[in-house]
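Turn these sequences into a full structure, and let the hints steer you where they fit.
Note that the sequence shown ends on residue 342 in full-length UniProt numbering; no numbers are left out.
Among the clues, some could well be false.
As the list claims (entries may be wrong) - Below, in silico cross-link-like pairs of lysine-lysine (BS3-like), each with a Cα-Cα straight-line distance of 25 Å or less:
hint : residue 1 : residue 2
1    : K301      : K254
2    : K311      : K287
3    : K254      : K233
4    : K29       : K57
5    : K287      : K301
6    : K106      : K57
7    : K29       : K233
8    : K311      : K173
9    : K173      : K301
To be clear, the hints were calculated from the coordinates, so they are not data collected in a lab.
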Amino acid sequence: MRRILAIGGFSNGESEFLAATYIRELIGKPNPRICLLSTPAADPSMLINDFDAIYGKLGCQTSNVTFYGVAGTHCVRADNAAAHLLQQDAIFVSGGNPRCALALWKEWGLDKVLRQAWESGVLLSGMSAGAICWFDHHVPSPANRNLPLPPGLGILPGNCDVHFHAGDGTRRKEILQTMQILAMPSAIAIDDDAAVLYEGDAIAAVLSWREGATAYQLEGHPDGVTERPLHAKAIGSLRSEPERRPISLSLAAKEACVGRYQLMSPMEVLITLEGEQLFAQYGSQPKHEIFPESEDRFFWKIVDAQVTFEKDRSGRVASLVHHQNGRDTRGVRLQDKDSNGL
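Written as C-alpha cells, this is what we have:
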C-alpha cells in the first residue's frame, strides 16, 4: 500500500509522541525499522536524539541519514542512504527548510529513491517541511511571491501548506493572500496537531489530537479563497496548558540579545532585531519571532519552546539556553557584531 502521512506541526513534545504512536500503529508490525531524514533542519544532534528516544520507546529500530555530521544511535552516511532507505518500514522527514533539503536529495538521487520507497510500500511521513515536501508545490511565503512556485518531490499532486492556524492568525492570512495573488487553484492546509493520511494520491483520513485542529481544503476563486474544514478523527487529546502572554520589554534589553550563538555543531542560532521585534533563526530553518515573557526569557508562538539568555558577571549576554521537549541545550555566544539585517 502506498501511504504518506503529512503532519502540520507539533505544538509540544506530547503532540510529537501522539503522532509517533499513530505512525507506529500504521506500520503494524513488531520491531519496525524507521529512518529519520533531518536534512531540512541540517541534521542537528538534539533532534536526532529526541527521535531515537521517542521511537525507541515505542519499540522501533531507529536510524538516521545525515549530510552534515554523525549523530544518533545508527547514523547512515548519504552515500549509503539509497539501499538503507529502501529497507525501512517507514521514513520520517523533519521540519526545517524544504528548499535546501530537496536540492541535496536531488543532488544525491534520493528524490528518486523516496519515490521508489513509496511505490514499494514504505510509509512516508513528516511534519512541516517534512509534510509539504511530498507535494508538487507548497504555498510560498510573502517574500517569495515573485519567484516560481517552490517545487516538491511531486509524489502527491497539488499544493500544501502547514501550521495553518498557528500563532495569532497571521500565517493563515498570508497563505490565503498568496493563493489569491498567484491565482493558485487549490491547496491542502494542515493545522499543528493534525495530519492527513494519503493512500495512493487520495486522502484516506484526517487525524487530530487537539480539539479544533484539522486540515482544510482551500479553493481559489477570482474573488478570494474558500476554506472547507475536513472532518478529523481524534487519535488522542493533548492536555490544555495556560496560554503564554508576552510582556513589554525595552528595546535595549532586546538589543542585548542580538548575535550568533553556537548551539551544537554544526547548528548556529542567529538572533536579529527588526524594528522592535526579536527573531531567532536556527541553522537553515526559517526565522521566527520570539516574544518576551521576562527580561531574559522568550517564547515562540508557533511551537512549544522557549529560550533563556544568560549574562556573565559584567552583565553582558554571553549564552543562551534552548528549552524544548523537556531538554535544555546551551549555546555560547560567538560574536558581538550587530546582526540586524543579516
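For this session: Enumerate the violated hints, using their earlier numbering and listing them in ascending order.
Result: 3, 6 and 8
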